[in-house]
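Participant: Sequence:
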Amino acid sequence: MSDAPDRRYQFDSFCLDTLTRELRGGDGAGPAIALNTKAFDTLCFLIENRHRVVSKDELLASVWAGRVVEENNLTQAISALRAAFGASAGDHRYIVTVPGRGYRFVAELRADKVPALEAASNTPVAPVAPRWRWAILLGALLIALALFALVALRQHDAPAAQASSQAALAVLPFRSLSSEPHDELIELGLADTLIARISNSTTLLVRSLSSSQRFAGPTRDPLDAGRQLGANYVVDGSFQRNGDVVRVSTRLLAVRDGSAVWSGTFDEKIDRVFTLQDNIATAITSALAVKFSAAPDRSPCDGANAEAYRAYLTGRYQLDRPTAARMQEALTAFRRAIDLDPTCASAYAGMAAVYRTMAMVGDQEPRKVFPLGAAAVKKALTIAPNSAEAYYSQGFIQFWYDWDWAGAETSLKHAIELNPSLAQAHMAYAQLLRDAGRYDEAVLHARQAIALDPLNPLINTVASQVIESSGKPGEGRQGYEKALELEPDFWIALRARSFSLMQKGDLAGALADLRRAREICADCSQVLTILAQAFVLSGDRGAAEQILNDMEARDRAGYMPATSIAAVYNSLGNTDEALTLLERGYDERAVRMSHLQVDQNWNNLRTQPRFQALVERMKFPAVATQ
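Numbered per this note's numbering, the sequence shown spans residues 33 to 658.
Source of the hints: derived by calculation from the structure; they are not laboratory data. Be careful, since some hints might not be right.
[To be verified] Derived BS3-like pairs: lysine-lysine, alpha-carbon spacing no greater than 30 Å straight-line:
hint	residue 1	residue 2
1	K514	K88
2	K504	K536
3	K411	K400
4	K411	K504
5	K514	K536
6	K400	K410
7	K514	K504
8	K445	K514
9	K445	K651
10	K651	K410
11	K410	K445
12	K445	K400
13	K445	K411
14	K400	K651
15	K504	K445
Quick caveat, the model's predicted, so the values are computed rather than measured.
Starting from the given sequences, assemble the full structure and let the hints guide the process.
Facilitator: Have a look at this one:
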């Protein structure tokens, strides 16, 4: 940001204050307009560089400094700004889109409120280097403060504490009160660390970072955030550094009435933060003996080594938005974390999740990637025998590759026991229960996954697929719409919605969704199989046959799941070839075979002896009846 003494900009009826980080209407007298952190920073950067067109790459490098993001993040920030101004996409009173170049802020600023600028300057604002050391030290203090908050919760509301298995806590990203540009690692990383410590050490349900991070920014309403996250309590905190002293203020609020259950402000020299944290943790471990268990030894990538921690967070961010390319980026990030910290069990568990996902969304050969995933799980559990994330990954491998139904259920239930707040474990268990025909149980865990991570597009989509296929199509479709509201180009949700649209007879809508999903996932077979089916239903067999030819060519050149090719043959009416390919899918241990018993795409084959023989060979658990 600019170092000009006057940090207020006024244009039209708006006033932007970069010191308080607020955008207000009514010439500055109106209420603060809600903007997330990145939209606010994008606006500041555009205004400070209003004398020129700012490229998309420069905005991404400056506003998302050091993060792996895509252009869609910037598009969403611009859309949020236009919505805040009450402008439509084609309204260029404030921000002009320059095709092929970038964006420019064009609203006229009031001269008496404009900070001085060097008129001839064309120098981009350089990203500020992360302040790793004090950020991680702050993490230790904030962990302690959150645990202190749990003590206060127990004292303030004994019934809620006694029923903490039902209570839910949301930890919002911490807000910086400093006037200088912030580092997102501090805001999100510290919240993530708190979430991990609390959810692994108590029976209190804690909402996931992927949902709570949507409320980053100075103008948020913590109670509204808590309500949207379905939490009973919300932790709202801020921090400010003055020389070598850090001031941290934290509030624990009851969402139902906004009362402050606990609040505290602490000043401490930065080199004594760990000592303070140790003293607080020792004191409260005894106070929360029933609810809090001593944390296991933590590796440096859990926060002490900032570079390793950042690499781990980068990998996990990519996992929630799976494409073949992103899985490669996630794998690189997790390997980086392990290079920096060979004891990083979380990164090994993340690698296992990547390998499993590569088989599903990246069309990688199962016999190559799943053994790598199993090796990563083994390493993670050797380092951290009680890693919920490792048991969750192990359960998915047993489910999708080993076809060890009992073993998968044991692993996933154990992951949930270790960390009841792990939404991914509930989601995986819901899928396993659905495939076993235990639909009522499946829906319960699917709903729990959504409740734990309500603003995560992946959780909303996959859990809603379970709900829809368990006989609740309306609820499932609502989940797809919620996912697409959160992330309009989320290809897995587009794919899921397209299947629902086809069932309703809306082939035009389904084809539109599938064409966009195909582009985003780079011709992944998960989309191509449904697209071929939609083409056949619309009467365009030639387009479906072209997809089949392309898939078979890819199979000859490398690998394409036999089950995906089988689905296209089945759509075209060639059931003999579809059955032959399903038999090959069994030999390949193709992922889709694990859903064979309940996958509706094979309903026309269920009376065929060859299909029945395949189901018998899979040794599925007996399907329960509703």
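Participant: Confirm or reject each hint.
Facilitator: A quick look at each hint next to the structure:
no., hint, result
1, K514 to K88, "holds, 28 Å"
2, K504 to K536, "holds, 14 Å"
3, K411 to K400, "holds, 18 Å"
4, K411 to K504, "violated, 40 Å"
5, K514 to K536, "holds, 19 Å"
6, K400 to K410, "holds, 16 Å"
7, K514 to K504, "holds, 16 Å"
8, K445 to K514, "holds, 27 Å"
9, K445 to K651, "holds, 21 Å"
10, K651 to K410, "holds, 25 Å"
11, K410 to K445, "holds, 18 Å"
12, K445 to K400, "holds, 27 Å"
13, K445 to K411, "holds, 20 Å"
14, K400 to K651, "holds, 23 Å"
15, K504 to K445, "holds, 24 Å"
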